[in-house]
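Residue-level listing of the chains:
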Amino acid sequence: MKLTRRDALTLGLGATAASLLPTRASSASADAIAEFTHGAEIGLGDMTLHVPSKVSVGAEVPIQITATGAVCVLVLATENPRPNVATFSFGPMLSAQTVTTRIRLSKTQDIIAIAKMDDGRFVKSQSKVAITQDL
Amino acid sequence: MALGVIPHVDLPQSVAIGETVVLKTSITHPMESGLRKDSNGKVIPRSIINRFSCDFNDQPVIDVKMEAAIAQNPYFEFTAVVHESGTFTFRWYDDDGDIYVETKDIAVV
Numbered sequence: 001m002k003l004t005r006r007d008a009l010t011l012g013l014g015a016t017a018a019s020l021l022p023t024r025a026s027s028a029s030a031d032a033i034a035e036f037t038h039g040a041e042i043g044l045g046d047m048t049l050h051v052p053s054k055v056s057v058g059a060e061v062p063i064q065i066t067a068t069g070a071v072c073v074l075v076l077a078t079e080n081p082r083p084n085v086a087t088f089s090f091g092p093m094l095s096a097q098t099v100t101t102r103i104r105l106s107k108t109q110d111i112i113a114i115a116k117m118d119d120g121r122f123v124k125s126q127s128k129v130a131i132t133q134d135l
Numbered sequence: 001m002a003l004g005v006i007p008h009v010d011l012p013q014s015v016a017i018g019e020t021v022v023l024k025t026s027i028t029h030p031m032e033s034g035l036r037k038d039s040n041g042k043v044i045p046r047s048i049i050n051r052f053s054c055d056f057n058d059q060p061v062i063d064v065k066m067e068a069a070i071a072q073n074p075y076f077e078f079t080a081v082v083h084e085s086g087t088f089t090f091r092w093y094d095d096d097g098d099i100y101v102e103t104k105d106i107a108v109v
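The listed protein sequences derive, respectively, from chains A and B. Here the first sequence stands for residues 1 to 135, numbered as in UniProt numbering. Here the second sequence stands for residues 1 to 109, numbered as in UniProt numbering.
The set of hints was computed from the structure by calculation and includes no laboratory data. Predicted model only: the values in this text are computed from it and were never measured. We put the CB at the ideal spot given by N, CA and C, even for glycine. The reader is advised that the hints may include incorrect statements.
[As the list claims (entries may be wrong)] Beta-carbon label-pair distances, calculated as ranges:
#, chain 1, residue 1, chain 2, residue 2, range
1, B, His8, A, Ala96, 17 to 27 angstroms
2, A, Ser56, B, Ser14, 32 to 42 angstroms
3, A, Gly45, B, Gly97, 37 to 47 angstroms
4, A, Pro92, B, Ser39, 48 to 58 angstroms
5, A, Ser56, B, Val9, 28 to 38 angstroms
6, A, Ala40, B, Val9, 27 to 37 angstroms
Given only the sequences and the hints, what does the whole structure look like? Please build it.
Have a look at this one:
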C-alpha cells in the first residue's frame, strides 16, 4: 500500500488523539473532586500524604494521611479505572487526624488527597507512586 | 454471611487518662473489585466492604466510605484519646448487606 499524504495526516491525527486519552481518567478525578468540594477553591494547608515513591506491585500500597484540623478527607488514585479510593470522616474522639491504610493502584500514577477542614476550607496534597511491574 | 470473614482489632486493654491509643484494624475479605474476569471471560461481580466505622461509647471516632481500590483484607490504623473507660465498637459493612461487628473494652487507670 502506498502511503499518501492524506493517510499520513490521518495517522498523525490518530496518534495525537491517542496521546490525549489519559486526560479522560483525570477528568473522572476532576468530577470526584468537584462533587467533594462543590466547586470551592482548594488551597495549600496542613496536610501530608505519605506514599512510597516506588513499589514493585500495586496490589497493597501503604498510604498515610495526616490532616490536622480536617473533618473529612477524599482520596483519589487518578489513573485507576475508577479513581475513587476512600472518603474518611473524622470524629471528635480521634486524637490526631491521621489514618493509615493499603490501596490498589493499576499503574504508575498520582495519588491525590483533599481535606475539608473544620473552618470549611479545602486543602490538597498530591504524590506520585511508581509501579515497576504490572498487576 | 460471606464465609471466612474474620475481623481483627489490636489495641491496649488499659491506658492512662488522656493517653493516645493506637488502634489497628483489619478484616479478612477479598474485596472483589468487579473489574476482574474469570477464566471464561465473565466479569466477576463486585463484592467489597463498602464502609468501616469505629465508635467509642457511641461517639464517632472514624467513618470510612470505601471503594474497590482499598486492598484486600482492608487495614486501617488510627489513634484515639480516651478520658473514660468504655467500649470501642467497630463495624464493617459488606456489599451483601452483612455487618460485621467487633467490640473491645478499654479501661482508664
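Taking the hints in turn, this is what the structure says about them:
no.	hint	verdict
1	B:His8 - A:Ala96: 17 to 27 angstroms	holds (23 angstroms)
2	A:Ser56 - B:Ser14: 32 to 42 angstroms	holds (40 angstroms)
3	A:Gly45 - B:Gly97: 37 to 47 angstroms	holds (38 angstroms)
4	A:Pro92 - B:Ser39: 48 to 58 angstroms	holds (49 angstroms)
5	A:Ser56 - B:Val9: 28 to 38 angstroms	holds (30 angstroms)
6	A:Ala40 - B:Val9: 27 to 37 angstroms	holds (36 angstroms)
In terms of the numbered hints stated before, the structure departs from none.
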